[in-house]
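Turn these sequences into a full structure, and let the hints guide you.
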Amino acid sequence: MNAHFTTAASKDAPTLSAIARRAKQHWGYPKEWMKLWEAELTIRPDYIAEQEVVKMMADGQLAGFYALQYHETYQCLEIGHFWIDPAFMGRGYGRLAFEHLLNNLKSKAEERLIIEADPYAAGFYERMGAVRIGRLESSIEGRYLPIYEMRI
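Just so you know, we're using the numbering used here here: the sequence shown kicks off at 9 and counts up by one.
In case anyone wonders, no lab produced these hints; they're calculated from the structure. Warning: the hint list may mix true and false statements.
Below, simulated DSSO-like cross-link-like pairs (lysine-lysine); rule was C-alpha separation at most 27 Å, straight line [what the hints assert, rightly or not]:
| # | residue 1 | residue 2 |
| --- | --- | --- |
| 1 | K32 | K19 |
| 2 | K32 | K43 |
| 3 | K19 | K43 |
Between beta-carbon pairs, the in silico distance windows are [claimed, not checked]:
| # | residue 1 | residue 2 | range |
| --- | --- | --- | --- |
| 4 | T14 | E134 | 27 to 33 Å |
| 5 | R135 | H34 | 14 to 20 Å |
| 6 | W41 | H12 | 21 to 27 Å |
| 7 | S18 | G98 | 28 to 34 Å |
| 8 | E58 | Q83 | 15 to 21 Å |
| 9 | D67 | R151 | 33 to 39 Å |
Every residue gets a Cβ at the ideal spot worked out from N, C-alpha and C, and that includes glycine.
Written out as structure tokens, the structure is:
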């Protein structure tokens, strides 16, 4: 497995958005929900310019990306986006990207990270060492997202 990481550019926005949509749809969510999440899954050029967005290249292709942003409530960084293209899922690229993210945070002397996770990603974050600290109501009524904290 060979991958390298680079900072995303504004021109990457459409490709990053497509990866986010494919990754979310991978879990079999209903079309109605996907439509409700359209804005959340759209990575805008201004978002890339304002936040730290890192893309992962593997085998000459964009395999995934993550974004870090400040969480006002918890007063620390959080994962704004963490998506692996379905073509690269189940092959260790998620772990590789998460390890890169953690090393990135360590280089900034960050002490903790907040993750508002998709329920299907909960097991992944737990395997990475995150601890569940709460839940957040999602944009879908009656559906909750687990909130995790990771000490760096």
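Each hint, compared with the structure:
{"no.": "1", "hint": "K32 - K19", "in the structure": "22 Å, holds"}
{"no.": "2", "hint": "K32 - K43", "in the structure": "11 Å, holds"}
{"no.": "3", "hint": "K19 - K43", "in the structure": "24 Å, holds"}
{"no.": "4", "hint": "T14 - E134: 27 to 33 Å", "in the structure": "29 Å, holds"}
{"no.": "5", "hint": "R135 - H34: 14 to 20 Å", "in the structure": "18 Å, holds"}
{"no.": "6", "hint": "W41 - H12: 21 to 27 Å", "in the structure": "34 Å, violated"}
{"no.": "7", "hint": "S18 - G98: 28 to 34 Å", "in the structure": "31 Å, holds"}
{"no.": "8", "hint": "E58 - Q83: 15 to 21 Å", "in the structure": "18 Å, holds"}
{"no.": "9", "hint": "D67 - R151: 33 to 39 Å", "in the structure": "35 Å, holds"}
The structure fails hint 6 only (numbered hints given earlier).
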